[in-house]
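Given the structure of chain A, go ahead and fit chain B onto it with the hints provided.
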Amino acid sequence: MKKKSSFSYARYGYLFSLPFLIAFLIFSLYPTLYTATIGFTDLKGIGKTTWTFLKDDPFANFKWVLTSPTFKTAFENTVKMWVCNFVPQIALALLLAAWFTDRRFKIPGEGVFKVLFYMPNIITAATIAILFNALFGYPMGPVNDLMVRFGLLSEPYNFLVKKDIAQNIIIFIQTWMWYGYTMVILISGILGISPEIFEAAEVDGANGWQTFWLVTLPNIKTILLFTLVTSLIGGLNMFDIPKLFLLGGPDNATMTVGVFIYNLAFSGGYIYNRAAAASMIMFVLIVVLSAFLFYLLRDRDEAKLRKIVRQQEKEYRKKLKEAAAK
Amino acid sequence: MKKNQAIKKTLIFILCLILAVISLMPFVIMIVNSTRSTAQIQQHAVSLIPSVYLANNLKILVGKSFNPAVGFMNSIMVSVGVTALATYFSTLTAYSLVVYEWKARNAFFSFIMAIMMIPAQITMIGFYQMVYKIHMTNHLSMLILPAIASPSMVFFMRQYMKPALSLEIVQSARIDGAKEFYIFNRIALPIMKPAIATQAIFTFVSSWNNLFTPLVLLTDQKKYTLPIMISLLRGDIYKTEYGAVYMGLTLTALPLIVVYLMLSKYIIAGVALGSVKG
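Each protein sequence line maps, in turn, to chains A and B.
Residue numbering for the first sequence follows my numbering, starting at 1 and increasing by one per position.
Residue numbering for the second sequence follows my numbering, starting at 1 and increasing by one per position.
Chain A with its partners taken away, still in its complex shape (with noise of 0.2 Å):
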């Protein structure tokens, strides 16, 4: 009897997830193909809609790609400020993270602390990158009005005009903007572990530092690796701080993979098909980053959880024993 209605009732599935698809086909699967295939053609030139695919060499724009020399160049950019961000960033956000859940003290004003740490997440990136602009600005930005005052600097500084400066500049926007928000990620991971754990690690006598390497870090392990890959795949599409900031100067130095597509294609410049083949390029390392991404997300078998974390927590006992030993 149950089984007959709900077969019934089938069709209705396939109905109410009818609009997304048909959404999906027109702006996602439809552009993406498009995309790879203008990446074989000879599509450029302003309002240009026409192609025929290249006939010498079908890969010719990828390979145009491919060693060109400012490609290469945003490409070690963007990994670049990339790792230089995150690594900051996910330090300093596991530690407020960690004291901020930590059982034995609790910080006055940390939820004002959390408020004021997330808030730069929200703001426009457009916005903030303009600012930034404005503050290091020379010769009598508010950087460099500070600096003169408190004497750390004779006479103003032109910050923008130097390539390793302005590249510290955005990475640094970057862990600002970003640092806030992965601590109330980790927080929320810490928070969701079982507390019999962390009792059992105070009544074992562990101190804070064990704790936090033997229960809290272990246990939060996915959404570490979420964190990473999520965040890696928004460094790779950098696109809004280094366009506004510097326009990708000085000397290319700030410019991103995010920005000489947008450049090639739309700046000027119009060349579609060299563009749509970098395109294809980050798209198939992002496919590649989502495809480990949909692994660790996959739905668990409860069971298999609870082994894990029974393991784990007889992995835990030995470590603190061991350490005791010793």
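Treat the hints with care, since some could be wrong.
Computed Cβ-Cβ distance ranges for the label pairs, DEER-style [as the list claims (entries may be wrong)]:
(1) B:Ile169 <-> A:Ile26: 32 to 40 Å
(2) B:Gln40 <-> A:Phe150: 32 to 40 Å
(3) B:Ala197 <-> A:Phe105: 29 to 37 Å
(4) A:Leu153 <-> B:Ala39: 21 to 29 Å
(5) B:Ala164 <-> A:Leu25: 28 to 36 Å
(6) A:Tyr295 <-> B:Arg186: 34 to 42 Å
(7) A:Ser154 <-> B:Ala197: 32 to 40 Å
(8) A:Phe150 <-> B:Met136: 29 to 37 Å
(9) B:Ala269 <-> A:Lys63: 27 to 35 Å
(10) B:Lys179 <-> A:Ile193: 41 to 49 Å
Because the hints were derived from the structure by calculation, they are not lab data.
From the three backbone atoms N, C-alpha and C, an ideal C-beta is built for every residue, glycine too.
Using the frame of chain A, we list chain B on its own:
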């Protein structure tokens, strides 16, 4: 031991204070400078005392191509549209995954998980070409309609709906003679309210802040959204008008800051919720 703990606590508190100042300082400078004249800013770019040039800065700002009111209205239209479509259709799609047993269900869910991390930005060339071909580049609908397919929100809604919506309620509504679509609108949607509220806030904010897609699609000044308006402040016409630039930045950031401070409790709880479910 206890003394050590107190010292540690104090040090952590001081570090947090420093971080809080770093979080706030750029915005404070921005807001104060929006009330100061360009001459005052050139003399001392940092001051904590507001001046009286707010109206004057606004006049200079609006006197050039910057039209915050237009940007604001367009951004409202796009963000409200995106939020409404994304939350409604994602909940509907999640409902189809949770309530009905259909052959392709598991495959469809796997598919949604597989595509949810792929950013729209990466296939923009094809999207632009498609929109250009049908002569829709300056139509805001092209920024709104794609929201009907928001895979990551479907994922979130499904995870939330699974424990929240009992199939018995659906079953008993059927016995009372309710139609499937009616059950979704009248029973499932209200149950999903907390999840919808959380997702609505984040979708609204990310749509509000989106620069890339509008920058590619919109060429008509009357259709510009706020982030594109902001990008105009980077241009040469404002090169020496510091007061006006700070004014423009404040105009775009202050509403967000105010709304954020009012809703911060829910927003932060929402970030936390999203990660636990993910």
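For each hint, the structure was consulted:
1. Distance hint for Ile169 (chain B) and Ile26 (chain A): a CB-CB separation of about 34 Å, consistent with the stated range 32 to 40 Å.
2. The beta-carbon spacing between Gln40 (chain B) and Phe150 (chain A), approximately 20 Å, falls outside the hinted interval of 32 to 40 Å.
3. In this structure the supplied range 29 to 37 Å holds for Ala197 (chain B) paired with Phe105 (chain A), their Cβ-Cβ distance being about 33 Å.
4. The hinted window of 21 to 29 Å between Leu153 (chain A) and Ala39 (chain B) holds, with their beta carbons roughly 22 Å apart.
5. Remark: the range hint 28 to 36 Å for Ala164 (chain B) to Leu25 (chain A) is upheld by a beta-carbon distance near 30 Å.
6. Distance hint check: the CB atoms of Tyr295 (chain A) and Arg186 (chain B) are about 38 Å apart, consistent with the given range 34 to 42 Å.
7. Distance hint check for Ser154 (chain A) and Ala197 (chain B): the Cβ-Cβ separation is about 54 Å, which falls outside the suggested range of 32 to 40 Å.
8. Judged by the Cβ atoms, the range 29 to 37 Å given for Phe150 (chain A) and Met136 (chain B) is violated: they are separated by roughly 54 Å.
9. Between Ala269 (chain B) and Lys63 (chain A) the Cβ separation comes to about 50 Å, which falls outside the hinted range of 27 to 35 Å.
10. For Lys179 (chain B) and Ile193 (chain A), the Cβ-Cβ distance of about 44 Å falls inside the hinted range of 41 to 49 Å, so the restraint holds.
The structure shown violates the earlier hints numbered 2, 7, 8 and 9.
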